[in-house]
Amino acid sequence: MGSEEDKTRPITIEAKELSKRYGNFAALTKVSFEVRMGTVAAFLGPNGAGKSTTMRILTGFLSPTSGKAKVLGLDPTHAEQRRELACKLGYLPESGPLYREMTPFESLGFFADVRAVPKPLEAIERVVERCSIGEVLHKPIYKLSKGFRQRVGMAQALLHDPDVLILDEPTSGLDPLQIRDVRGLIRELGKDKTILLSTHILQEVDAIADEVIMVSEGRVVFTGTVAGLRGDSTLEKRFYALAEAAKELGEAKKKADEKKEVA
Amino acid sequence: MLDFKVVSAIFRKDMRVYLGNPTGYVFITLFIVVAQAVLILREEFFARGLADLATLNEWMSVILMIFVPALTMNAWADERRSGTDELLLTLPVRDGEVVLGKYLGILGMLTLSLLLTTIGQLSVLSVLGDPDKGLMFSTIAGYWLVGALFAAIGLMASMLTSNTTVAFILGVVGCLMLVLAGTLPWASGLVGVVLCTLVVMLVWYAARGTADWMGLVAAGSAALLGLLWLSRGIAMVTEQGEEAAAPSADGAVESSIGDRFSELFGSLSVTEHFTSFGEGVIRMGDVLYFAGGTALLLYLCAFLLGRRSW
Ligand SMILES: Nc1ncnc2c1ncn2[C@@H]1O[C@H](COP(=O)(O)OP(=O)(O)O)[C@@H](O)[C@H]1O
Ligand SMILES: [Mg+2]
Numbered sequence: 013m014g015s016e017e018d019k020t021r022p023i024t025i026e027a028k029e030l031s032k033r034y035g036n037f038a039a040l041t042k043v044s045f046e047v048r049m050g051t052v053a054a055f056l057g058p059n060g061a062g063k064s065t066t067m068r069i070l071t072g073f074l075s076p077t078s079g080k081a082k083v084l085g086l087d088p089t090h091a092e093q094r095r096e097l098a099c100k101l102g103y104l105p106e107s108g109p110l111y112r113e114m115t116p117f118e119s120l121g122f123f124a125d126v127r128a129v130p131k132p133l134e135a136i137e138r139v140v141e142r143c144s145i146g147e148v149l150h151k152p153i154y155k156l157s158k159g160f161r162q163r164v165g166m167a168q169a170l171l172h173d174p175d176v177l178i179l180d181e182p183t184s185g186l187d188p189l190q191i192r193d194v195r196g197l198i199r200e201l202g203k204d205k206t207i208l209l210s211t212h213i214l215q216e217v218d219a220i221a222d223e224v225i226m227v228s229e230g231r232v233v234f235t236g237t238v239a240g241l242r243g244d245s246t247l248e249k250r251f252y253a254l255a256e257a258a259k260e261l262g263e264a265k266k267k268a269d270e271k272k273e274v275a
Numbered sequence: 013m014l015d016f017k018v019v020s021a022i023f024r025k026d027m028r029v030y031l032g033n034p035t036g037y038v039f040i041t042l043f044i045v046v047a048q049a050v051l052i053l054r055e056e057f058f059a060r061g062l063a064d065l066a067t068l069n070e071w072m073s074v075i076l077m078i079f080v081p082a083l084t085m086n087a088w089a090d091e092r093r094s095g096t097d098e099l100l101l102t103l104p105v106r107d108g109e110v111v112l113g114k115y116l117g118i119l120g121m122l123t124l125s126l127l128l129t130t131i132g133q134l135s136v137l138s139v140l141g142d143p144d145k146g147l148m149f150s151t152i153a154g155y156w157l158v159g160a161l162f163a164a165i166g167l168m169a170s171m172l173t174s175n176t177t178v179a180f181i182l183g184v185v186g187c188l189m190l191v192l193a194g195t196l197p198w199a200s201g202l203v204g205v206v207l208c209t210l211v212v213m214l215v216w217y218a219a220r221g222t223a224d225w226m227g228l229v230a231a232g233s234a235a236l237l238g239l240l241w242l243s244r245g246i247a248m249v250t251e252q253g254e255e256a257a258a259p260s261a262d263g264a265v266e267s268s269i270g271d272r273f274s275e276l277f278g279s280l281s282v283t284e285h286f287t288s289f290g291e292g293v294i295r296m297g298d299v300l301y302f303a304g305g306t307a308l309l310l311y312l313c314a315f316l317l318g319r320r321s322w
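From first to last, the protein sequence lines stand for chains A and B. Convert by adding 12 to the 1-based position in the first sequence; the result is the number in the working numbering. Convert by adding 12 to the 1-based position in the second sequence; the result is the number in the working numbering.
To be clear, the hints were calculated from the coordinates, so they are not data collected in a lab. Any given hint might turn out to be false.
What the hints assert, rightly or not - DSS-like, lysine-lysine: derived pairs with alpha carbons at most 27 Å apart:
1. Lys145/B x Lys100/A
2. Lys265/A x Lys100/A
3. Lys151/A x Lys17/B
4. Lys158/A x Lys80/A
5. Lys131/A x Lys17/B
6. Lys42/A x Lys203/A
7. Lys28/A x Lys82/A
8. Lys271/A x Lys80/A
9. Lys205/A x Lys82/A
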């Protein structure tokens with residue numbers, strides 16, 4: 013699969029100098045990267061690096077303070093284009109939020125209604141099987157274990173058979189068996205879809221990703237293949253080194269800004 | 013255009029959420045009990061010897077002022093707290109569809125509560141005497157319109173903050189302003205100023221050509237509301253002008269200017285527009301007041317949602 017640089021494939025996800033500020037706090041600083049069609053890209057970074065913020069911008073839930081995002085050539089900050097994009101995009105938000113009072117079946121029915129999925133019952137049946145949630149289909153979601161909830165979230169993201177998947181920490185809170193299942197599912201989906209998944213787990217990158225975009229302190233510190241990230245060292249060593257470097261860079265910038273203000 | 017399939021899906025989802033947990037039933041039950049108690053437990057009810065809802069009328073806006081914000085305070089806060097707003101707003105939906113769907117969910121609960129209350133009251137009144145069905149109908153329709161307007165205020169309050177308590181207080185204060193507009197000059201002044209600002213803002217927004225069709229509808233209804241209000245104001249001013257002409261004392265003229273202003277703003281009051289419903293008369297102007305006010309507020313909700321500022 014597309015682990016080698018394949019410039020002939022069209023760019024599916026593109027971030028151009030995305031910056032996001034929450035008040036005075038810079039959550040993202042000029043984040044740029046691209047993901048080509050048919051790749052599984054891991055968005056790697058420690059907690060608080062800005063992974064979720066970037067994904068929220070790509071899906072149009074948040075607007076960036078500056079910079080541009082394009083997914084499938086559509087601009088998520090533009091209301092009509094965002095809607096068109098939403099039809100072709102599956103999104104699993106962080107920690108898989110769902111309507112707790114509803115059952116998985118009712119929830120999927122709701123998403124199928126809103127998305128106007130053709131043959132909704134068949135579509136639901138397909139994702140129920142794919143995500144193995146058959147046994148809890150008619151239990152209220154607040155009674156489900158974390159693993160099942162996460163899978164219902166996945167089923168929701170797959171319901172309309174989207175071309176692009178954006179998954180925010182799809183394996184967080186799962187036990188090792190469930191993690192294996194979800195990774196297997198993602199690998200299988202990656203055969204014909206473009207996937208961007210965020211994680212702070214190095215083994216995950218090794219296990220499923222073709223490419224890596226590593227962020228730390230709101231900046232992109234590495235883009236390339238998993239082998240490229242590893243280099244002649246180990247993934248772990250490289251991860252710590254890059255995260256450290258980003259932290260120092262961030263602190264240096266902060267000091268420079270403070271000096272400017274004093275002057 | 014809005015896709016009403018999407019609106020209906022969101023409406024049904026919300027009804028399911030409301031009725032899927034005990035709070036929904038507690039709400040309906042409390043509402044019925046309070047409305048029934050206020051109707052019957054007051055001395056005037058039996059003293060008057062009439063089988064109607066008159067003893068409830070003066071209290072209904074107070075009941076709705078508390079109950080409706082209690083119903084709406086979680087409408088958007090819940091979605092935000094559980095993170096489902098992120099799911100909902102990344103679906104192929106328009107902001108207007110989300111707002112309308114959520115609003116109809118609230119209205120559904122309100123309608124259900126009012127309907128059950130009416131059945132209860134009708135049976136009580138039928139035992140005691142022969143209630144006037146037409147009067148009953150117009151009164152309930154009036155309650156419903158007041159509740160519908162308050163629901164839009166409450167929904168907006170719940171979009172302004174993710175804190176449930178703050179949303180409740182904001183909602184109550186908003187409703188209170190509209191109720192007091194008829195009696196307290198400062199409240200009426202405040203409501204008037206807010207309305208004028210909204211009208212100017214919406215008309216400017218529409219004139220810049222950035223508004224979609226909903227914006228045009230909102231600007232239209234705002235302008236219509238403003239016109240209705242102004243025409244009353246003009247009528248009042250000319251009436252008072254004739255009156256003032258007879259006794260030509262300077263003091264009288266001055267105080268009448270103050271009165272005119274408070275009366276002008278007072279015509280925005282919920283109480284004033286409800287009165288004729290309570291007397292069995294449904295007037296076009298009153299219905300327009302409630303419908304226009306609700307439409308205006310809902311448009312503002314969609315506008316808030318579109319800014320994605322959080
Ligand atoms: N709504 C918000 N207001 C203020 N700060 C925020 C908000 N959302 C996220 N942040 C901050 O932005 C940074 C990046 O957050 P996030 O994108 O969630 O990181 P990640 O997903 O990589 O763990 C964090 O330091 C977080 O505290
Ligand atoms: Mg995150």
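Outcome of the hint check:
1. For the hint linking Lys145/B to Lys100/A, the alpha-carbon distance of about 54 Å lies beyond 27 Å, and the restraint is violated.
2. The suggested pairing of Lys265/A with Lys100/A is violated, with an alpha-carbon distance near 39 Å, which exceeds 27 Å.
3. Distance check on the hinted pair: Lys151/A and Lys17/B sit about 26 Å apart at the alpha-carbon level, within 27 Å; holds.
4. Distance check on the hinted pair: Lys158/A and Lys80/A sit about 35 Å apart at the alpha-carbon level, beyond 27 Å; violated.
5. With a C-alpha separation of about 15 Å, the suggested pair Lys131/A and Lys17/B falls inside the 27 Å cut-off, and the hint holds.
6. Distance check on the hinted pair: Lys42/A and Lys203/A sit about 31 Å apart at the alpha-carbon level, beyond 27 Å; violated.
7. Between Lys28/A and Lys82/A the alpha-carbon distance is near 8 Å, which keeps this suggested pair within the 27 Å criterion.
8. Taking the CA atoms of Lys271/A and Lys80/A, the gap is about 30 Å. The hint is violated against a cut of 27 Å.
9. Annotation: proposed proximity of Lys205/A to Lys82/A holds, straight-line Cα distance about 17 Å (limit 27 Å).
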